[in-house]
Amino acid sequence: MQKIYTRMGDGSGVELSESELKRDLEEGTKDAAERAKVSPLSQDELAYLFDVYSDPARFVGVDHGNEVIFSYDNGSYKSKEDLTEIPLYGVQEAQVYEKFLGADILDLGQIDYSFKPVKAIATFEQQALEYALLVTTVPMFYGAQPNLGSYTQPDGPCANPMELLPQGKIAEARAAQEEMMEHAVRDMVYVGSAMYESGADGLNFDTVGAAGDIDFLATLRAIEILKKKYPQMAMMVGMAGEFVLGMHGEVTYDGVRLAGLYPHKQIALAEKAGATIFGPAVNINTDKSCAWNAARAITFVKACVEVSHIPVHANMGMGLCGIPMADCPPVDAVSRASKAMVEITRLDGL
Amino acid sequence: MGVGDPVGMEVAHVSASGMGGMRTAGDLVARMQISRSMKIKEAKEYVANKLGISVQDIADPIVMGELRQDLNIGTVAPFVGGARGIEAKLRIAELLGIEINCVNKFRDKVK
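These protein sequences, in sequence, are chains X and D. Note that the first sequence covers residues 1 to 350 in our numbering. Note that the second sequence covers residues 1 to 111 in our numbering.
Hints in this document: simulated from the structure, not taken from any laboratory. Even glycine gets a Cβ: it sits at the ideal position worked out from N, Cα and C. Please note that the accuracy of each hint is not assured.
[Stated by the list, open to error] Derived DSBU-like pairs: lysine-lysine, alpha-carbon spacing no greater than 35 Å straight-line:
#, chain 1, residue 1, chain 2, residue 2
1, D, Lys109, X, Lys37
2, X, Lys272, X, Lys37
3, X, Lys288, D, Lys111
4, X, Lys99, X, Lys227
5, D, Lys109, X, Lys227
6, D, Lys39, X, Lys265
[To be verified] Reference listing, derived: stretches of chain X covered by chain D, where coverage requires no fewer than 3 residues with Cβ under 8 Å from a Cβ of chain D:
#, segment
7, 54-67
8, 137-143
[Claimed, not checked] Far from chain X, by Cβ distances over 10 Å, these chain D residues were calculated:
#, residue
9, Val7
10, Val11
11, Lys50
12, Leu51
13, Ile53
14, Ile62
15, Gln69
16, Val80
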């Protein structure tokens, strides 16, 4: 029987038999369905995924008419500092994304991409943003991460919960997280207000929940405040992973405990707070095939899209939603994950 | 979308499933998503209706390239005398019947 050439989650090539590919797809969707308590993919959807992942073509794409919107995070300094060391100013890079890379929504941000350090240089960021808005046409967000970890000692003012928890100081760790949240909400509202006053179309809260449930709560509270202050302000919430880590464990929003929430429950709270676009993130397992990872991610995202009332833009960057965890993700793997995610979930963007 | 090699990530993704921003009507559909939280189908239909073309054509760079030039709403390669940046956004706000934050601020500045 002919082998099917595909990829593992780290991007390395692997050959699977038809039965191995089918088994990976079935196990991937089953894993997600059991974890999130949602429906697994149907037999038709699994057959579609099998066709996509067994297609010998190097590159695949959606059918005409199924194209979606592309928003970005970390989009204005990727070339310069992060990867290729091309000395481009952030605004220039945004223009490259607009004119060369076909971006539908641009994102301006600074290198640390966290709200806390932006607060100190907000006026410089506003200056760059105001210039960028004059010379670009597509919508532009200002983006940063809540990054509650940046508020812990020795870099920040709060005790470090990661040091307190191993000592059994649960109450102290929770108190420290609640203090971190107060600082973070103030900074997000400060930076968000500044950027909206400078003309941004909206604010992109990226990698939300990276520091756990308190990180998610801080973001929801900041959105709530900003939405009251600027009802027309667009706010995009991109998550850090498929479920909210219970680093605090007791915090709630609108009566719902945040720890352990999966994307279809996360989006309901984001909508309630006032988010405009929601970005589910499903982390990749590098020990499993891309097909396994795609089936798993699509199961989570499909359930999220089904309950959504706002646009859903899945996070499909490196190491997420079936995209290999590699500096140069192979285009065969990216195009397959891209097509499959869009055509099965019927989401609104990536 | 997140961090990644532009050739392996952005180019591959956009080629596989993206509208293409200013190459087509991607930015216009995006504006309906962010200004009115429209889902993709509704946003595409709204934009197609405003442009007077089919939903399939709004993702076609040839059709939209000519139409963007006719409407003077910004093109990938600007023509002489054509609208750029904030000028294009002034027209887009009127075309779609929406508020654009930076356009409102620009209008306030030049009053």
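Check: When the hints from earlier in the document are held up against this structure, which numbers fail?
Finding: 1, 3, 9, 10
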